[in-house]
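Undergrad: Here are the chains, one letter per residue:
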Amino acid sequence: MKLININAFKSFFQDGMSIMVGGFMVVGTSEPLIDALVETKVKDLTIICNDAGYPNKGVGKLIENNQVKKLIASHIGLNPTAGKMMANGRLEVELIPQGTLVERIRAGGAGLGGFLTPTGIGTIVEEGKQKMRVDDKEYLLEKPLKADVALIRGSKVDQYGNVIYHATTRNFNPMMAMACNHTFVWPEQIVDTLDPNYIMTPHIFVDYIVKEND
Amino acid sequence: MKLININAFKSFFQDGMSIMVGGFMVVGTSEPLIDALVETKVKDLTIICNDAGYPNKGVGKLIENNQVKKLIASHIGLNPTAGKMMANGRLEVELIPQGTLVERIRAGGAGLGGFLTPTGIGTIVEEGKQKMRVDDKEYLLEKPLKADVALIRGSKVDQYGNVIYHATTRNFNPMMAMACNHTFVWPEQIVDTLDPNYIMTPHIFVDYIVKEND
Amino acid sequence: MNNIKDMIARRVALELKDGDVVNLGIGLPTLVANYVPKGINVFFQSENGLINLGPKPEAGEEDPDLTNAGGQPVTILPGGAFFDSALSFSIIRGHHVDLTVLGSLQVDEKGNIANWIIPNKMVPGMGGAMDLLVGAKKVIVAMSHTNKGKPKILKKCSLPLTAKGEVDMIFTEMGVMEITPYGIRLIEINPQYTISEIQEKTEAELIIAKDLKKMELIHEI
Amino acid sequence: MNNIKDMIARRVALELKDGDVVNLGIGLPTLVANYVPKGINVFFQSENGLINLGPKPEAGEEDPDLTNAGGQPVTILPGGAFFDSALSFSIIRGHHVDLTVLGSLQVDEKGNIANWIIPNKMVPGMGGAMDLLVGAKKVIVAMSHTNKGKPKILKKCSLPLTAKGEVDMIFTEMGVMEITPYGIRLIEINPQYTISEIQEKTEAELIIAKDLKKMELIHEI
Numbered sequence: 142m143k144l145i146n147i148n149a150f151k152s153f154f155q156d157g158m159s160i161m162v163g164g165f166m167v168v169g170t171s172e173p174l175i176d177a178l179v180e181t182k183v184k185d186l187t188i189i190c191n192d193a194g195y196p197n198k199g200v201g202k203l204i205e206n207n208q209v210k211k212l213i214a215s216h217i218g219l220n221p222t223a224g225k226m227m228a229n230g231r232l233e234v235e236l237i238p239q240g241t242l243v244e245r246i247r248a249g250g251a252g253l254g255g256f257l258t259p260t261g262i263g264t265i266v267e268e269g270k271q272k273m274r275v276d277d278k279e280y281l282l283e284k285p286l287k288a289d290v291a292l293i294r295g296s297k298v299d300q301y302g303n304v305i306y307h308a309t310t311r312n313f314n315p316m317m318a319m320a321c322n323h324t325f326v327w328p329e330q331i332v333d334t335l336d337p338n339y340i341m342t343p344h345i346f347v348d349y350i351v352k353e354n355d
Numbered sequence: 142m143k144l145i146n147i148n149a150f151k152s153f154f155q156d157g158m159s160i161m162v163g164g165f166m167v168v169g170t171s172e173p174l175i176d177a178l179v180e181t182k183v184k185d186l187t188i189i190c191n192d193a194g195y196p197n198k199g200v201g202k203l204i205e206n207n208q209v210k211k212l213i214a215s216h217i218g219l220n221p222t223a224g225k226m227m228a229n230g231r232l233e234v235e236l237i238p239q240g241t242l243v244e245r246i247r248a249g250g251a252g253l254g255g256f257l258t259p260t261g262i263g264t265i266v267e268e269g270k271q272k273m274r275v276d277d278k279e280y281l282l283e284k285p286l287k288a289d290v291a292l293i294r295g296s297k298v299d300q301y302g303n304v305i306y307h308a309t310t311r312n313f314n315p316m317m318a319m320a321c322n323h324t325f326v327w328p329e330q331i332v333d334t335l336d337p338n339y340i341m342t343p344h345i346f347v348d349y350i351v352k353e354n355d
Numbered sequence: 011m012n013n014i015k016d017m018i019a020r021r022v023a024l025e026l027k028d029g030d031v032v033n034l035g036i037g038l039p040t041l042v043a044n045y046v047p048k049g050i051n052v053f054f055q056s057e058n059g060l061i062n063l064g065p066k067p068e069a070g071e072e073d074p075d076l077t078n079a080g081g082q083p084v085t086i087l088p089g090g091a092f093f094d095s096a097l098s099f100s101i102i103r104g105h106h107v108d109l110t111v112l113g114s115l116q117v118d119e120k121g122n123i124a125n126w127i128i129p130n131k132m133v134p135g136m137g138g139a140m141d142l143l144v145g146a147k148k149v150i151v152a153m154s155h156t157n158k159g160k161p162k163i164l165k166k167c168s169l170p171l172t173a174k175g176e177v178d179m180i181f182t183e184m185g186v187m188e189i190t191p192y193g194i195r196l197i198e199i200n201p202q203y204t205i206s207e208i209q210e211k212t213e214a215e216l217i218i219a220k221d222l223k224k225m226e227l228i229h230e231i
Numbered sequence: 011m012n013n014i015k016d017m018i019a020r021r022v023a024l025e026l027k028d029g030d031v032v033n034l035g036i037g038l039p040t041l042v043a044n045y046v047p048k049g050i051n052v053f054f055q056s057e058n059g060l061i062n063l064g065p066k067p068e069a070g071e072e073d074p075d076l077t078n079a080g081g082q083p084v085t086i087l088p089g090g091a092f093f094d095s096a097l098s099f100s101i102i103r104g105h106h107v108d109l110t111v112l113g114s115l116q117v118d119e120k121g122n123i124a125n126w127i128i129p130n131k132m133v134p135g136m137g138g139a140m141d142l143l144v145g146a147k148k149v150i151v152a153m154s155h156t157n158k159g160k161p162k163i164l165k166k167c168s169l170p171l172t173a174k175g176e177v178d179m180i181f182t183e184m185g186v187m188e189i190t191p192y193g194i195r196l197i198e199i200n201p202q203y204t205i206s207e208i209q210e211k212t213e214a215e216l217i218i219a220k221d222l223k224k225m226e227l228i229h230e231i
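Line by line, the protein sequences are chains C, A, W and B.
Offset between the first sequence (1-based) and our numbering: plus 141.
Offset between the second sequence (1-based) and our numbering: plus 141.
Offset between the third sequence (1-based) and our numbering: plus 10.
Offset between the fourth sequence (1-based) and our numbering: plus 10.
Hints listed in this document are in silico derivations from the structure and should not be mistaken for laboratory results.
There's no promise every hint is true.
[Stated by the list, open to error] Straight-line C-alpha distance at most 25 Å; calculated SDA-like pairs for lysine to any residue:
no.	chain 1	residue 1	chain 2	residue 2
1	W	Lys174	C	Gly269
2	A	Lys297	B	Pro67
3	A	Lys151	A	Asp176
4	W	Lys148	C	Asp277
5	W	Lys220	W	Glu183
6	C	Lys143	B	Gly29
7	B	Lys148	C	Asp289
[Unchecked claim] Listed next, the stretches of chain W that the computed footprint assigns to chain C, with coverage defined by at least 3 CB atoms under 8 Å from CB atoms of chain C:
no.	region
8	80-92
9	167-177
All C-beta atoms, glycine included, are put in the ideal place defined by N, C-alpha and C.
My request is simple: use the sequences and hints to build the entire structure.
TA: Written out as structure tokens, the structure reads:
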């Protein structure tokens, strides 16, 4: 059975881990898993997330708590703390175009060696990347992105670990679930079974379903 | 409104068109659209489909009827006619690994310039393709695939053109709907509305919903 | 109309064509949704994962699971669909978005645009802007003509680019411009300004359209 | 057990580990599903778009929308899910399949495999085999040891390859072999045959394991 409690979840983490966190401006981010990670006090984390959340919400909590060494995201605009820490060198930030970020995560989960995209051509995103001309158009070669752990938020999760996401909470969650060695899902609701036609993350990508301590 | 009848559908086709046909061993292939295409007698078609169907089912009907100049597929094993026509030069067949085929179609719809895959390394699939070494692993550069028309089979289609596929009928359909200039869907069932959470092909990819002649 | 932003948004809305898939950037561009012309049906896409984006919900009706790309509560209209970010950006980069409207810090006469970073000062990140700029069939910049009196329409962007040569049109409170291979052509003018006043606030040299029109500001909704 | 194919399938089934995601090729490999050992729970994936593939439906219960990769009616077990071909091959190529079992025409001592084409004779196509071979964590070939008496386990494949160096183990009616950097090692032997009989039917030179075991053929289900 994949069900573990928050304490077991916390015991899993170590300094220096890379962690993908689902969510888009914290919508679709599992706050209980973030809170538990804050309690672990593990540090030097590499966090991969669409954005920096808000100072007191989502991955912003980990940043405030000085647990993050490097943030890989598409924007940090709504988290002034992240901006300040980046400016004074206390947080390394790698900014990646959003479409490229999600596609790199997908490529990581899908076993691709990379993909060619026109996004970023003629900008500083080009730096350090291979440029390729295919059929007379210029592209950047973008490489796959993987991580140790994915923290996922499921709206409905069945006992097998199948996940359905509600409304705009889906965002990066399904791709991250595929791109990490260990995927933890926080279920907003646990149900017995789900219709196999509508499952968005099949159970084989979910290693643990995390629930409150008893 | 996107609803047209079979006659209007037939008037759309011309010799030499490239057509993607959803389905996997004809499961998820829309037979009524194939039948209509047979009636048009258009020829020199390039058909992109997972397989060659059976001699009298799916794209096999178009092959039997000498309407296909070139077939791009991952296998033709269950259609002996296709094999014979290939052997005697009456049908050009390009065989592509199934995962590469679907990913090339996805890349076509997603605006990627290509992707790197280890599939086919060390085989004749390599021929004519650029080989690249990324982080010490060898990959083939595979290019996107697009077509003029996609023929899709939807299990449930709403009035807006949103599509849900039942069971294993989904297969190539969603990717093909995105990779073509004109996408026609045959609805097994038309419904007023669908739950926005469970839509598999959003309406923006569907140009026409085809129904029986009145 | 109560301010410059609304005025610009109203004019941009006239560019919407029936059936268009449209992505609006945060800020001024969002206002365009308020002025969709009568008889025109467009589909707003939000890159966080939905199509048929609707207006703000009534107070008390907000669903915390349903927001736009700015994290604000929104609604979904009939016929809409939710999807993941990979599909959302397949829509954007696969040229399935007919029109995107974005704000900007700078635009130049080559259609270059800079709107994601002011080095050592403001580093919000590019979010989905770089993808939208290369992927959308048509790119409209909607912004105030100047920044505290300083031109934003330049011969050459000085800030790091968001995309190279992707801008098609610029809409400001002073007029409507299109990017051509020969430079920026002024095609509509707000009659509150003269051509020379506009040129004065524009670093790039403007080509004045032979059939220069009065900026259409008002339309029925 | 009624024939060679069932015998091989039974032995391969002993390789299944609890929780494995497994993809079985068409033909002999499909039979492995009939012999999953007691207490072992595995998830069969079918590349046409499902996980938790179940047995054939009862007569009259077939759903034409629900088949396996061979187009045959199947069922889906509790906890299963359907998905599109892009996700299906993301599962396969992204190393989320623990084990694949495939038939073959030829295998050689470098772990090369040829099973998709006999030039000018049989050109069925590779289907998903090339993807499975490079993507699955473990690749098992399950086949008859010879083709009408002619060896299929070779020094070097003569037919066009399906994949290079991807085979981990070979199961035939004569024994169980593993591919090592030094060649093919016979690790289990069917007591109906002698080592020299097996070597005679094998073009590649076999390394005989020091702890060569009797092939385990029977287990409770």
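Undergrad: If a hint holds in the structure, say so; if it doesn't, say that too.
TA: Hint by hint, here is what the structure shows:
no., hint, in the structure
1, W:Lys174 - C:Gly269, "holds, 18 Å"
2, A:Lys297 - B:Pro67, "holds, 24 Å"
3, A:Lys151 - A:Asp176, "holds, 10 Å"
4, W:Lys148 - C:Asp277, "holds, 21 Å"
5, W:Lys220 - W:Glu183, "holds, 21 Å"
6, C:Lys143 - B:Gly29, "holds, 11 Å"
7, B:Lys148 - C:Asp289, "holds, 22 Å"
8, 80-92, "holds (count 4)"
9, 167-177, "holds (count 6)"
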